[in-house]
Amino acid sequence: MKLPIADGPTVRKHTAYLVREHRGTLIGLAVLHTVAAVAGLAGPWILGRLVDAVTQGTTAGYVNQVIAIGVVAVIVQAVLIRYAQKASMIFGEAVFAELREDFLETVTTLPLSTVERAGTGDLVARTTNDVNRIQHAVRFGVPRLIVAVVTILLTVVASLLTSPLVAVALFVGVPLMVVVSRWYLRRASPGYQRESAAYAALNGTITESVEGARTVDALRLGARRRARVQADLREAFAAERYTLNLRTVLFPAVDFTFVLAPVAVIVWGGYMISTGHATLGAVTTIAMYAFQLAGPVWELIFWLDEIQVAATSLARIVGVKLVDSDREAGDEVPTDEHVVARKVEYAYRAGHNVLHGIDLDLRVGERLAVVGPSGAGKSTLGRMLAGIHPPTGGSVQVGGVDLVDLPLDDLRRHVALVTQEHHVFVGSLADNLRLADETADDEQLLAALAAVDALGWVESLPEGLATGVGSGGHVLTPAQAQQVALARLVLLDPHTLILDEATSLLDPRAARHLERSLNAVLEGRTVVAIAHRLHTAHDADRVAVVDGGRITEIGPHDELVAAGGDYARLWKSWQQE
Amino acid sequence: MLVTVRPLPLPDPGTPPVTGPGALLWWLARRQWGILTVAVLLGMVTFGCQAVMPYVLGRALDEGLTEGFGAVLLGWAAVMLGIGVVQVAAAAVGHRFDIENWLRAAFTTSQLVGDTVARSGHTITDELPTGEVVSAVASDALRVGEVYAIAARFAGSLMAYAVVAGIMLSTSFQLGLVVVLGLPVVAGILAFLVKPLQQRQAAQREASGRLTTLGADTVSGLRILRGIGGEKVFTDRYRTQSQDVRRTGVRVATTQSYLDALQVLLPGLFVALVLYLGAHAAVRGEISPGQLVAFYGYAAFLSWPLQIATQTLQATTRAHVAAKKLIKVLSVVPATGATPGTSSAPPAGSVLVDDASGVELAPGRVVALVSVDPDESARIATRMGRFDDVAEAGTPVHLGGVRLADLDKDVVRERIVVAEATPHLFSGVLGEELDVRGGNLEAELMRAIMIADAHDVLDSVPDGLAGDLPEKGRSLSGGQRQRVALARAILTDPEILILIEPTSAVDAHTEARIAERLAEVRRGRTTLVVTASPLVLDHVDDVLFVEDGRVVTHGTHRELLHRPRGAHQGEQAARYRAVVGRSMDEPAATQPGEDVEGAHGTDHLTSSSPELSDASKGVS
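For the protein sequence lines, the chains are A and B, in the order given. Just so we're aligned, residue 1 is where the first sequence starts under UniProt numbering, counting upward by one. Just so we're aligned, residue 1 is where the second sequence starts under UniProt numbering, counting upward by one.
A hint or two may mislead.
Label pairs and their computed distance ranges (CB to CB) [unchecked claim]:
#: 1; chain 1: A; residue 1: V364; chain 2: B; residue 2: Q569; range: 46 to 54 Å
#: 2; chain 1: A; residue 1: V178; chain 2: B; residue 2: G467; range: 43 to 51 Å
#: 3; chain 1: B; residue 1: Q314; chain 2: A; residue 2: Q56; range: 16 to 24 Å
#: 4; chain 1: B; residue 1: D541; chain 2: A; residue 2: S325; range: 55 to 63 Å
#: 5; chain 1: B; residue 1: R550; chain 2: A; residue 2: V364; range: 30 to 38 Å
#: 6; chain 1: B; residue 1: R558; chain 2: A; residue 2: G565; range: 43 to 51 Å
#: 7; chain 1: B; residue 1: S170; chain 2: A; residue 2: Q56; range: 37 to 45 Å
#: 8; chain 1: A; residue 1: V340; chain 2: B; residue 2: A356; range: 43 to 51 Å
Bear in mind the hints are in silico, worked out from the structure with no lab data behind them. Even glycine gets a Cβ: it sits at the ideal position worked out from N, Cα and C.
Please put together the full structure from these sequences, using the hints given.
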C-alpha cells in the first residue's frame with residue numbers, strides 16, 4: 001500500500017491557503033522590497049543625468065548635487081534591503097516551521113492500519129527529504145522571487161518613464177527568451193529530479209556495499225558491487241547530460257537577449273536622438289537598465305525551477321493529509337475483558353484471503369500460544385486481535401464491542417501488540433519507557449524492567465535509566481530493544497497482550513527465562529504469544545496451530561501431543577528425547 | 001554547436017596517489033588536462049568579451065551617438081553584437097566543458113571509492129563509520145569536482161581584471177588606480193563579513209540536522225507510538241526543536257540581512273565615488289561622456305570577477321578538506337588478500353583443518369559444530385573461511401596442508417564459502433540476488449528455494465524471481481530473509497560450505513524441512529553447520545562438540561544423546577546433551593543475571609541481527 005500524493009489542484013489550494021493566511025505579511029514584504037528596488041534604479045538614472053549635463057556643459061556644483069542624490073539613494077536602498085531581507089527570511093522560517101510541525105502532527109495521527117501497511121520508508125523519506133527539499137524554496141525562494149519580479153517590473157517602468165520611445169527597444173529579445181524559458185521550465189523539474197534520484201541510488205549502493213561489506217567479501221560480490229556503482233554513475237551521467245543539454249539551449253537564448261537589448265537600445269536610441277525624441281543621457285540610462293535586467297531575470301528563472309521541484313515535494317507532504325481514517329469510534333463501552341473473534345477474514349488484496357473465518361474465544365487470564373508455519377497468517381491474526389486493522393469479514397470484540405469501534409486511547413488500555421520491531425527512540429532509556437505511562441516513577445520503570453529480565457544490563461549502563469539511547473546514543477542490542485518494548489507493555493498494562501515473536505531476538509534460553517518472569521508479572525492478564533519456539537507453546541495454557549489461514553488444532557499442549565496430530569509430530573521431532 | 005561530452009564513467013578510474021590531498025587533486029587535474037585547458041581558454045574568451053563591453057559601449061556613445069544616427073553608430077552596434085555573440089557562444093560551450101570537468105573528477109573519485117568498498121571487506125567498517133564512507137561519494141567527490149568546474153571562470157576572471165585594469169589605467173591613471181585598488185578592498189571587507197554568517201549558518205544546519213534526525217526517529221518508531229501512545233510527547237519534542245531551528249534561522253537572517261545590505265552599500269558607494277571623480281574629470285574635459293559611461297560599466301562589472309575569485313578560494317578550501325577525507329577512505333587496506341598468494345592451490349578434496357580447535361573437515365562429510373558458547377563455534381567457523389590474515393598468523397587454518405593466508409584469495413573464496421549468522425541481502429532483482437555466481441538456470445534457483453523452504457518469498461516479492469528485492473530485503477520477514485540468504489549460499493555450490501546458524505529465525509516446522517533437504521543436497525559435499533538445533537543435528541554425518549575452544553568429542557547426534565556417562569568421553573556427551581537438550585524440566589543452566597549476559601553474548605548469533613528482525617513487515 002502506498003501513501004497518497006496530492007494532485008495539482010490540491011497543492012494549489014493548499015498554497016493559496018498559506019498565502020491567504022499570511023496575506024498581510026506578504027504585502028508588507030512586497031512594499032519594502034519595492035521601495036528598495038526603486039532606490040536601486042538610481043545608478044543608471046544618475047549616470048544619464050551626468051552624461052547629459054557633461055554634454056550640455058555644467059558646473060561642478062551640479063555634479064556634486066547629483067552625486068549626493070545617488071549616495072543618499074544607495075544608503076536608503078541598503079537600509080531598506082537590510083529590513084526587507086531580514087523580514088523575508090524570518091517570515092520564511094516561520095512559514096516553514098509551521099509547515100513541518102503541521103506535517104509531523106498529521107503523520108503521528110495517521111490511522112493504525114495505514115502505518116502498519118505502508119511501512120515507514122516512504123514516511124521517513126517524506127519527513128526528511130521532502131521537508132528538506134521545500135525548505136530552500138520557502139526560506140529563500142519566495143523572498144528572492146518577490147525581489148526579482150519587483151525589480152524586473154520596476155526597471156521596465158523606470159525605462160518607460162525615462163523615455164517610452166527608446167524603452168521599447170528593451171523588449172526586442174523577449175519573445176525568444178519567453179519561448180525558450182517556457183520550453184526549459186517544462187523539462188527542467190523532471191530532469192533535476194532524475195538527477196537527484198540517480199545520486200540517491202548511488203549513495204544507496206555505496207551504503208549497501210559498506211553495510212554488507214562482510215557479505216560482499218564472503219560471497220565474492222566485489223565485481224557486482226563495482227558494476228552497480230558503474231551503472232549508477234552511468235544513470236547519473238545520463239541525467240546530468242540531459243539537464244546540461246537543456247541548459248545549453250537556455251543559457252545562450254537568455255544571454256543573447258541581454259546582448260541584443262543594449263544594442264537595440266543604442267541603435268534605436270541613436271535614431272530617436274537624431275530625430276530629437278531622446279537625449280543621449282536617456283539612451284545611456286536605458287542601456288544601463290538593459291544590462292541591469294539580466295541579474296533579476298536569471299534569478300527568476302532559477303527560482304521558478306527550484307519552486308517547481310519544491311512543489312512536487314509539497315504534493316507528497318500535503319498528500320499525507322489525504323489519508324482517510326480507517327475507523328470511527330463509537331460510544332459503546334465494553335462490559336468485560338473477554339476478547340472473542342468470530343468468523344474473522346482478512347485480505348490484504350481483494351480476493352486473496354489470508355484468514356479464512358477464524359473463530360477464537362480467548363479465556364480471560366489465559367496464556368495462548370499460536371504456532372504454525374511461516375505465512376500461515378499468524379501475524380495477521382495477531383493484528384486483528386489487537387484491533388489494528390478492521391477485519392474484512394467477521395468481527396473481533398472485547399466485552400461485546402468491536403475493537404475497531406473503540407477510541408484509540410481506550411483500545412490501548414484493553415489490548416496491546418508488541419512485535420519483533422525494535423526501534424529505540426532517541427532520548428533516555430526512561431523516555432523510551434514512559435511513552436507507555438507518562439506518570440510512571442523510576443521505581444515503576446525499574447520494576448517493569450525487572451519483569452523482562454532487563455534489570456541486569458540496565459544497571460550496568462553508564463547512567464542507568466538516564467542513559468541516552470537510540471540513534472547517536474548508547475547502542476542497545478536488538479535483544480535489549482525487545483526487552484524495552486516488553487517493559488513498555490508491562491507499564492501500559494492492558495488486560496490483553498498480543499506478543500508477536502516478541503522474544504525472538506533473545507537466545508532461546510534467555511527468551512524462556514524472560515517469558516517465565518514476564519508471566520509472573522502478567523498473572524491474570526490474557527496473553528496471546530505468537531512464537532516459533534516450541535517451549536513457549538509448552539509453557540502456555542492452550543496452543544493454537546494456525547495453518548493456511550485457519551486454526552487447525554487448539555487445546556492444551558498435553559492434549560494436542562496425545563491427539564497425535566501435526567503439533568504432536570512437530571513436538572516429537574523438536575523434543576527428541 | 002553542441003559539443004559532445006565524453007561518456008562517463010570511464011572504464012578504468014586509474015590508481016590515485018594517497019600521499020596527500022594536494023597530490024590527489026593534482027593527479028585528477030592531470031588526468032583531464034585536455035578538457036581543463038579548453039575550458040580555461042573558453043572562460044578567458046567569455047570574460048574577455050564581457051570586459052571590453054563597457055569600452056565598446058563608451059565608444060559607441062561617444063563616436064556613434066554624438067555624430068548622429070549613421071554608419072559609425074551602426075558599425076559600433078555591429079561590433080557590440082559581434083562581441084556579444086562570441087561571448088554567448090563561448091559561455092554556452094564553456095559551461096559544457098565546466099560540467100564535464102566537474103563530472104569527470106567527481107565520478108572518477110566516486111568510482112575509486114566504490115572500488116575500495118567493493119574489495120575492502122569488513123576493514124572499511126572497522127576503520128570508518130558508514131556515514132563517512134557514504135559522504136565520500138555523496139558530498140566529498142562532488143566538492144572535489146567543483147574545483148575543476150570553477151577553474152575556467154577563475155582564469156577568465158583574472159584575465160578580465162587585467163584587461164579592464166589596462167584599459168582604465170591608460171584612459172585615466174587616477175581613476176583607473178581607484179578602481180583597480182579600491183574594488184579588492186571592498187571585496188575583502190565583504191569576504192571578512194562572510195565568516196560570522198557562515199558560523200551562524202553552520203549552527204542552523206546543525207540544529208536542522210537534529211530536527212531531521214528527530215523527525216526520522218519519530219516516524220521510524222511510528223508503529224510503536226500508534227500502538228501504545230506517546231505521539232503527543234513526540235510531536236511536542238519535534239515542535240520544540242523546530243522552533244529552535246527557526247530561532248537559529250532568525251539569527252542567520254540578522255547577519256545575512258546586514259551582509260546583503262553591505263553588498264549593496266559598499267559597491268554602490270564605490271560606484272558613486274567613481275562617478276564623482278569621473279564626472280568632475282568629464283566636466284574638466286579630461287574624459288569624454290562615453291568614457292564616463294565606460295568607467296561606470298567597469299566599476300559595476302569588476303565586482304563579478306572578484307566574487308568569482310572569492311568563490312574559487314572557498315571551493316579550493318572545501319576540495320582540499322574533501323580530498324583529505326577521500327584519502328582516508330581510499331587508503332583502507334583489506335584484512336585479507338592485500339598481497340597476492342604465494343602458494344599454489346592444493347587439489348580438490350583436500351582436508352580443511354583449524355589447528356587451534358582441532359576441527360577437521362574431511363572431504364564429502366556434512367558436519368555440525370556445537371559449543372556451549374555459540375560465539376565460540378561461530379568464531380571457529382569464520383576463521384576457517386579466512387577473514388583476517390593477521391589474526392590467522394596466530395590461529396592457522398590449513399587447506400591440504402597449505403595455510404589459507406598463503407593462498408590466492410580468489411581461490412579461497414571460490415572453494416570455501418562462509419554464510420555468516422547475519423548475512424546481508426542486497427537490493428536488486430530477486431533471481432539475480434540469489435544467483436551471486438551467475439549462470440544458474442531457473443530450475444536450479446527453484447531447487448535452492450525449495451531446499452531453503454522459501455516458496456513464500458516468491459509470493460511476498462511482486463513478480464517473484466523477476467521482482468525487485470528492496471534494500472536489506474526490508475519487505476520480507478526475518479525468517480524469510482534468513483531463508484533467502486540460505487538459498488543464496490546453497491546456490492554458490494562450493495567445494496566447502498560453512499553455514500553459521502542458518503535456521504535460527506525460522507519456525508520449527510520449517511526448520512525441520514530445511515534440515516532434511518539441506519543434508520540431502522550437501523550429501524557427499526564438504527559442509528560445516530554451526531547450530532545447536534536438534535532438528536538440524538539429527539541430519540548431519542558427524543557432530544563436533546567444542547569446549548574451551550577445542551573439540552572434546554564427536555559422534556552422530558543420536559550416538560551422543562545415548563552415550564552412557566560411563567563410556568569413553570561419556571561426560572563430554574552428557575555436557576553436549578545439556579547444550580542441545582530441549583528437556584522442559586531441565587532448569588536454566590545459569591543464574592538469571594548471567595542468563596541475561598548470555599543473551600548479549602549470543603544474540604548476534606541467533607536471529608537478532610537488524611536484517612533478521614521486524615518480521616511484522618512480511619505480510620502485505
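Structure-based check of each hint:
1. With their beta carbons about 52 Å apart, V364(A) and Q569(B) fall inside the hinted range of 46 to 54 Å.
2. For V178(A) and G467(B), the hinted distance range of 43 to 51 Å is satisfied, since their beta carbons lie about 46 Å from each other.
3. As the Cβ distance of Q314(B) to Q56(A) is approximately 47 Å, the hint placing it in 16 to 24 Å is violated.
4. One distance hint, 55 to 63 Å for the beta-carbon pair D541(B) and S325(A), holds here, with the actual separation near 59 Å.
5. As the Cβ distance of R550(B) to V364(A) is approximately 54 Å, the hint placing it in 30 to 38 Å is violated.
6. A beta carbon spacing of about 25 Å between R558(B) and G565(A) contradicts the range 43 to 51 Å that was offered as a hint.
7. A beta carbon spacing of about 28 Å between S170(B) and Q56(A) contradicts the range 37 to 45 Å that was offered as a hint.
8. At roughly 59 Å, the beta carbons of V340(A) and A356(B) sit outside the given window of 43 to 51 Å.
Hints 3, 5, 6, 7, 8 from the earlier list are contradicted by this structure; the remaining hints agree with it.
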